[in-house]
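J.: If you read the sequences in order, they're chains A and B.
All residue numbers for the first sequence refer to the working numbering, where the first residue is 30 and numbers rise by one.
All residue numbers for the second sequence refer to the working numbering, where the first residue is 143 and numbers rise by one.
Careful, some of the hints might be misleading.
[Claimed, not checked] Capping the alpha-carbon separation at 25 Å, the derived lysine to any residue pairs in SDA-like fashion look like this:
hint: 1; chain 1: B; residue 1: Lys189; chain 2: A; residue 2: Arg113
hint: 2; chain 1: A; residue 1: Lys90; chain 2: B; residue 2: Glu176
hint: 3; chain 1: B; residue 1: Lys189; chain 2: A; residue 2: Ala141
Rather than coming from a laboratory, the hints here were simulated on the basis of the structure.
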Amino acid sequence: MEIKKGIPVSPGIAIRRAFLLDTEGHQISKRFIKSGEVEAEIARFDAAIPRARREYEELRKESNPEIAQIFGFHQMMLEDPSMRDEVVRWIQESKFTPEYAVARTFHKKIKALQASRDEHIKLRHIDFHDVEQRLLKALAGGRAQDVRRLEEDVVLIAHDLTPSQTANLATTKVSGFATDAGGRTSHTAIVARALGIPAVVGLGNITSEVANGDLVILDGTHGKVIIQPDEETLREFRAKEKQFIEFERSLTELRHLPAETLDGHPLTLLANIEFPEEIATALENGAEGIGLYRTEFLYVTDPEPDEEVHFKAYRRGVEQLDGRPLVIRTLDLGADKFTEGVLPIEPNPFLGCRSIRLCFVRIDLFKAQLRAILRATAYGPIKIMLPMITSLSEVRKAKVIINDVMEDLHREKVPFEEDVEIGIMVEVPSAALIADFLAAEVDFFSIGTNDLVQYTLAVDRVNERVADLYQPAHPAILRLILQVIEAGRRHGIDVSMCGEMSGEVVYTIPLLGLGLKTFSISPGTIPEVKKVIRSITQKEAVQVVERIFTFSEAKQTDNYLREKAKRIIPQLF
Amino acid sequence: MEQPPGETEKVVERHVKLINKYGLHARPATLLAETANGFGAQITIRKDDQEVNAKSIFGIMMLAAESGSTLVIRAVGDDAGEAVASLEALINKKFNEE
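Throw the hints in and build the complete structure from the sequences for me.
T.: This is the structure we're talking about:
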């Protein structure tokens with residue numbers, strides 16, 4: 030039994046078999062076995078040979094004579110006793126896993142072949158490689174397990190998880206994530222929280238410590254991964270797992286209860302989504318509407334958007350919400366996603382032509398999306414939200430374009446809501462600092478803490494070297510948030526927060542104390558945020574804020590807030 | 143691989159030149175191994191100072207024997223004579239390739 034420590038990024042317990050992924054999304058295996066396992070591993074290898082052989086039988090039957098002959102050759106290689114002898118020797122003497130032994134055996138031969146001066150002989154290394162792969166597949170259990178078609182629930186273990194890998198997951202079968210790399214704000218963390226499954230990142234070298242199929246306990250609350258647990262530990266964690274499930278169930282009971290403080294102050298909890306299909310889950314979790322509909326997915330599937338495709342998606346959203354509000358954020362991507370009009374390669378994409386700036390260069394794109402949004406306003410309450418605003422002139426310019434589109438629609442006699450609300454994301458420090466000017470000319474604010482923190486603290490949150498400098502509780506951030514909320518209040522406009530920070534229970538109390546009335550968060554986190562809200566008074570929240578505003582260091586603030594949150598919702602700490 | 147022949151065991155050895163165009167590539171290697179496996183004798187093939195088990199496709203491939211190279215086929219066992227003769231014939235027939 031081995032215990033590995035990492036960074037806890039999504040709470041909960043998962044007790045499942047490990048499924049290892051390499052950087053290309055394929056399974057990888059570890060290299061060494063223990064002395065006691067030698068016999069069993071040799072047997073496992075011996076069982077894999079007939080499996081691989083059968084595959085060749087099948088292939089030979091289906092192929093023309095020429096190709097069948099090649100497979101015959103491959104089959105002979107599998108049956109070659111000297112091959113088996115060599116692999117077994119590696120297993121016995123060097124305690125290699127069969128996978129590693131096969132790799133060593135074949136690689137030696139492949140290298141020898143590649144050294145031949147004769148082209149024909151040299152080319153045969155491809156055949157050796159083929160046999161090696163087939164043998165490895167057979168060792169992996171019949172067929173290589175495809176992460177898209179998992180058969181049982183697993184804990185996914187990888188060096189790191191990319192957005193495209195997680196997009197392909199059979200998410201109902203993944204019970205948790207554990208990665209070598211990553212930090213609190215890495216992609217793995219965000220996806221895990223969105224899926225409501227435990228995750229531990231920053232484990233260092235978990236991928237070389239765990240083998241496929243090993244039983245692991247993943248404790249996402251405390252950042253622990255236990256490999257091959259003993260009986261006692263297993264019992265202990267099964268009990269903890271039960272407790273956590275109980276806790277989650279108790280949270281779902283809050284679903285239909287109002288989000289209000291102990292002293293009766295009502296708050297609004299909205300959800301962040303990427304597709305209209307997520308609305309159902311959001312509503313189930315108690316969302317009162319959608320505070321952020323990220324439209325990027327529509328562009329990722331097709332950079333040159335079809336107005337109809339967008340319109341249909343927005344209309345579907347609004348219909349599912351049945352009268353509840355839908356805030357649609359306009360195009361928030363970088364130039365690298367588009368081919369014309371702007372240089373795709375920018376040295377500093379985050380400070381470059383992206384989002385609203387891109388919209389001003391590619392007005393055709395902007396107008397197409399605006400048309401789709403406006404047409405959808407005829408079906409229900411939709412608000413338009415402009416991202417990455419840094420100045421008032423940008424707001425005015427955007428409004429001119431929106432008016433143009435409205436005129437077009439008028440002329441075409443297409444119905445839409447004339448008084449559609451237009452608001453902005455406050456996610457750039459300059460916008461926060463001139464919030465009063467902006468508040469006078471927009472209908473609402475939404476504080477985008479993800480980028481606000483990055484820009485203000487000059488931190489790239491996916492850069493592991495500096496990721497721990499990403500601190501939402503930094504006094505600079507708290508001051509900016511206060512400034513924005515105050516500006517909104519003075520001008521009578523709604524202020525919501527849609528960044529990750531608003532969904533983290535550690536920050537719920539201070540955000541309440543700062544005067545935030547609307548939280549737009551990942552659907553899975555709605556119940557727990559609601560629990561915190563229902564457990565304190567607005568008065569206490571204000572007191573907490575007064576205290577933390579005396580702290581000069583984020584760490585002090587975080588420690589203090591942790592203690593507070595832990596008392597209310599200990600199961601998450 | 144080398145075993146001193148017992149009294150009843152025959153040892154047969156023959157030098158054969160590879161005359162087919164592409165030498166001991168996949169197909170001939172397969173045929174050679176398949177043929178060798180049909181005999182009970184222990185059979186080895188030597189090229190220069192590398193000696194391999196004729197029943198092992200891996201071994202034969204490792205010889206990387208090109209066209210024109212000379213192989214020494216050695217068999218030890220009751221059917222050593224037939225084994226060597228078969229293999230020699232196969233090589234001289236250019237593995238039925240041409």
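J.: All hints, please: hold or fail.
T.: Hints, one by one, checked against the model:
Between Lys189(B) and Arg113(A), the direct Cα distance comes to roughly 23 Å. Compliance with the 25 Å bound is thereby established for this hinted pair. In summary, the hint linking Lys90(A) to Glu176(B) is supported, as the alpha carbons are separated by about 19 Å, within the 25 Å threshold. Restraint check for Lys189(B) and Ala141(A): satisfied, since their Cα atoms lie roughly 15 Å apart, inside the 25 Å limit.
The structure fails none of the hints (numbered hints given earlier).
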